[in-house]
Amino acid sequence: MIVEDWGVVQYSEGLQRQREIVQKVFEGAPDHLILCEHPAVLTLGRMTNQDSLLYQRHEIQERGVAIINVDRGGDVTLHAPGQLVVYPIFNLNNYKKDLKRYMENLQEVAVDLLRNFGILAISPSGQRGVFVGPEKIISIGVGVRKWVTYHGLGINVNTDLSLFDMIKPCGLNVRMTSMQKIKGHAVPMRDVKVKVIELFKMNFLNKL
Amino acid sequence: MINIILPELGEGITKATIACWHVKVGEDLKEGQDVCEAVTDKASFVIEAPVAGKLVSICVEVGQEGLVGGLLGTIE
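Residue numbers (my numbering), protein chains in the order written: chain A, 1 to 208; chain B, 1001 to 1076.
If you are wondering where the hints come from, they were derived from the structure by calculation, not from laboratory data. All C-beta atoms, glycine included, are put in the ideal place defined by N, C-alpha and C. It is possible that part of the hints are untrue.
[Unchecked claim] Taking beta-carbon pairs under 7 Å as the criterion, some of the chain B residues facing chain A (in silico): (1) L1009; (2) I1013; (3) K1042.
[Stated by the list, open to error] So, partial list: chain A residues that the calculated Cβ filter (under 7 Å) puts toward chain B: (4) D71; (5) L99; (6) M103; (7) R128; (8) I140; (9) G141; (10) V144.
[Said to hold, decoys possible] Straight-line Cα separation of at most 27 Å, DSSO-like style, residue types lysine-lysine; simulated pairs: (11) A/K207 <-> A/K100; (12) A/K146 <-> B/K1054; (13) A/K193 <-> A/K183; (14) B/K1015 <-> A/K146; (15) A/K207 <-> B/K1015; (16) B/K1015 <-> A/K168; (17) A/K97 <-> B/K1015; (18) B/K1015 <-> A/K96; (19) A/K24 <-> B/K1030.
Isolated chain B (complex conformation) (with noise of 0.2 Å):
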């Protein structure tokens, strides 16, 4: 199982938005591909899968907060 965090993406930053999930849980991904978007402070950051495989699971849904460093889904 390889978990998908939220970056750090700067000083001072400690959460950001999910704005959307560019992929359905079970579906596969490709290494690179974008999983999904944080939002934080007007500027919009793709984060892609870390591998390739399967999401399994979605931990912060659109609209909700994720923590810096937290866990925002997982894939098989």
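Same shape as in the complex, but just chain A (with noise of 0.2 Å):
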């Protein structure tokens, strides 16, 4: 598995740059993990009710938060600085053709991550993401092109939530928290990405 650190890329070249290593992957390259931060975007998955947007498209923007459509599943969400972005791009013909158990391997891995930091989370059955009590902490959102992932995992370590202010996250009623909220202190995002290519490295790929 090859890892890039990309540092803060903007959404759409990050984007762009997933789709090239998909057909990479698919062509034989080993499956790719990708870690980044993106400057404040909203997208919006293949679900996205209209109604998730609690704000103008015309106000979003005017706060310099750029709102983009994308090819994954589930409704609007929010990246932002100080969000730690996943981007496992796997190629699924290697392993078992799953979309089920491919989303319960991610929300494991995440619900782990957490646990490490000495955060409960849990992921309520019937839903996809990870919350900690009421409020969700980790967004997930997944596509595939001949059975090879991307898009992925947004984990809130240390973002502005305030932010979310402007949307239902996943269409749903929920508040978002992070990391930082949590323990009471901004949490190294340099120590979260550690964990998890860890995690990823020692038990993901195993379970696939």
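Quick one: dock chain against chain with the hints and give me the complex.
Here is the structure:
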């Protein structure tokens, strides 16, 4: 598995780079695990309900937040600095071609990650995403092309949570939280990245 | 006539919602071109044209559910 840390990258550029890697992985390149952050952007998944935007589009854009339609499942979500975005680009042709299993494994990694930072999180049955109490902390949305995965996880590490006031995250009436809010202090992004890489290498691929 | 079928997506997954069609009825398609996207469980699966030809019918419209193994559309 190749791990790439893109740092902060514009969403649209990141999406284009993901698509290029998807094609390479389909053609036989190793699986990739991409880590990055995006400047503030709302992405509208394939199942977005227009009611999930709580502000007019021009008001959102005036706050410096871009809006982009994307080819992943789910409703609207927000990416912003302080949120670690994880894009596993894995060739499921080499494992088990099972979307449900893949999604469940992603959720397990997310819960395990938080446990490593002393945060007890759950994935409620029937919902994708990871919650701490009633508040959502990690969003999940995936795309699959030729059985190669892309998109992935948005982990709120030190995200400015006020930005979520513009939307119903994932179309739900939930509040978002972050590792920073729960711990009461900023959490080093580097530490989270190290643990994400470890969990994907140790646990994730074995279970696919 | 070639059928566009909703493929097996995983154990226990029996249906998926069509999120979009990338091609209109009557338009030409290349083999491997994106035809539509099926969404299940917050995962969007891109379905590609199995052959080159013309999309002649759409059997499951956007927002409707298709059954795994079921017909989504046809190419001629």
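So which hints don't hold here, by number, going up? No numbers; nothing is violated.
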